[in-house]
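Trainee: Each chain is listed here by its residues.
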Amino acid sequence: MQSVLVVDDELDVREAIERVLTRAGYSVRTTADAADALAELRRCRADVVITDIIMPKINGVEGIECIRKEFPSVRIIAISGGGNFGVSAYQPHAITTSAYLAAAERAGAHLVLTKPFESMDLLHSLEQVLGVGHA
Amino acid sequence: MARLRTSFANFVAVCVVALHLVLLPALYYGLGYVVRKSHEDLFIEHARTFARVLADEFELGVALESESRTEDLLDLAIVHGDGRYAELTDGARSVRSKLGSPNIKAPRHTDLTFGEGDDDIYFVVLPIVHAGRNAELRLGFDEQPTLERIHLALNRMLVALAVYFGVAMVIAVILSHRLSRPIHRLQDVSRSIASGDYAQALQIATGIRELHELAADLDNMRRELVGVNDRLQAKIREKEISEIQREELQKQLRHRQRLETVGTLAGGIAHEFNNVLVPIILFTEMALQDLPGSSVSRSDLERVLTAAQRAKDVVKKILTFSRELGDVKLALIDLRTVIADGLHLFAALAPPSVEIRTEIDDAIPPVRADATLAVHLVINLCTNAYQAMQGTQGILTIGLRNHGNPPVTGESGAFVEFWVSDTGHGMDPATAERIFEPFFTTRSVGVGTGLGLSVVHGIVESFGAKIVVETEPGKGSTFRIYFPAVLQQDRPLEPIAPVA
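Note that the protein sequences, when read in sequence, are chains A and B. The numbering of the first sequence is numbering that gives the first Met the number 0, which starts it at 0 and goes up by one. The numbering of the second sequence is numbering that gives the first Met the number 0, which starts it at 0 and goes up by one.
It is worth saying that the hints were derived from the structure and are not from the lab. In this text, all values refer to a predicted model and were calculated from it rather than measured experimentally. Think of the CB as a built atom: it goes at the ideal place given N, C-alpha and C, for glycine as much as any other residue. Treat the hints with care, as some may be off.
Stretch-level coverage of chain A by chain B, calculated; a stretch enters the list once three of its residues show a Cβ under 8 Å from a Cβ in chain B [as the list claims (entries may be wrong)]:
| hint | segment |
| --- | --- |
| 1 | 4 to 13 |
| 2 | 36 to 46 |
| 3 | 115 to 129 |
Dumping the calculated DSSO-like pairs for lysine-lysine here, alpha-carbon to alpha-carbon at most 30 Å [said to hold, decoys possible]:
| hint | chain 1 | residue 1 | chain 2 | residue 2 |
| --- | --- | --- | --- | --- |
| 4 | A | 56 | B | 315 |
| 5 | B | 465 | A | 68 |
| 6 | B | 250 | B | 234 |
| 7 | B | 465 | A | 56 |
Model the full structure from these sequences, guided by the hints.
Mentor: Right, dumping it as structure tokens:
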């Protein structure tokens, strides 16, 4: 059974993803921030990490960099509902959702997914990164 | 009391009349006296001479020898000497001409003056001595013809003086008109100038040197006024244009601020909604999977999913909308103008406790940026600086200079360094590191949104420029922005855009 670590500061989001993936047959663990995720991975590795980007303490992009550095074989899916925090009017490609996801990709995420998504999108993405990983 | 004013022509006419009212009577009476006196003297001279000649005749004894001869001589005096009375007497007997006026009383002595007595007769009494006998020749000459001549002469003189007065008045009117014509012309032109028409040249044809020079001086003054007026008009037009540009700039800034507010709101909504929608969609999908096909709740849950999908689309549209509004329009701009405009707008916000200084070099090449955003940049940095000095006396310095090789850019080439420095509270290194992050603020809740410096950072990045902060707790902060300079050879055809 392939294991997935879900990292999101929103409890409802974590639990929803956990439930969908568990039903699909994955072994799922969850943490509320990137620091806990690193600790969890050190404790027990996972095949895939699904991580939010905008989070307190260490943000998702930094978290991805750390994971990629420490666990290069772990596949990563970045998810974000970002939004443009006003400053997009002046920096259109830096703060928007797509910019966050682009930053995540640059940091090493294998796939990015925009919130909100449906179960099929999530499962398809997961299969995609695992397929890529197994190929 | 109001002073009585009259026209120049009337003034000259009144002066001439007044002068003649004094002069003409004096002349009349003066000349009249001379005329009268001349006639009288002539008359007296004539009368006395005539009397003397006659007396000589009697003294020679020509007449006294016979009474008839005496009477003839006395008649001669009446007929040829304008006489009215002629008598020769020796006390015992008297011979009197019968041609004279019979009622005239015999005179006792010679009249001293012409017109003495009221008889219109001038008497001459001459003693005669002939052959030891004393006698008196008494003659009375008629003064009336002389009086008539005097009267006639005075009348002629009066007519001559009246004619002279008339001619003098005509000459005075003509002269006053000749004098007042250039004055009226000067008056007309000065009125035109006063009413704002400076175009009319002041040229007058006059032989009077003072008036000619006055006209030339006034025309010089008019030309000066034309110059001053043109300069003033140009300044007014410049000010009007500048005011329009300022209003347009303020309008654009207000528009940007509205966009910023909309963007902030949209970003916040998007983030929250998207996170809320994830569990709604995923849990609803799982619930649908769990429900049997016949369950009445299926359609309800499907409707939840449809509604969630709509919510997702709405959020997406809001984000797209706010992004599309925020296009950055890069053009060549002069940062000196940007700073001037930014300071102009910021001046209204700055408290009097903050002293604003500028250190701006002259030869600053243009840079590529969005003019409105650049002004926004200046205002944001100035606002940040004055907030850092709030409640204290402080100095805000704005600088602009050329910089060959700024360390932060990692590139060599021509850069324009723009900096804003304050004498405020400064920051520690940890704060300085995060100062450009969105929502990061060191201020208490309600003071600042925490977006000011992230907006600054966003603007700077969108211009392809770099920003650094130098700061130390208690010693203030300096924000330095390095714009790549656009030199002459890089922009042969590109004009420098106006700020507004």
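Trainee: Hint by hint, say whether it matches the structure.
Mentor: To see whether the hints hold, each was checked on the structure:
{"no.": "1", "hint": "4 to 13", "in the structure": "holds (count 3)"}
{"no.": "2", "hint": "36 to 46", "in the structure": "violated (count 0)"}
{"no.": "3", "hint": "115 to 129", "in the structure": "holds (count 5)"}
{"no.": "4", "hint": "A:56 <-> B:315", "in the structure": "holds, 27 Å"}
{"no.": "5", "hint": "B:465 <-> A:68", "in the structure": "holds, 29 Å"}
{"no.": "6", "hint": "B:250 <-> B:234", "in the structure": "holds, 24 Å"}
{"no.": "7", "hint": "B:465 <-> A:56", "in the structure": "holds, 27 Å"}
Hint 2 from the earlier list is the only one contradicted by this structure; the remaining hints agree with it.
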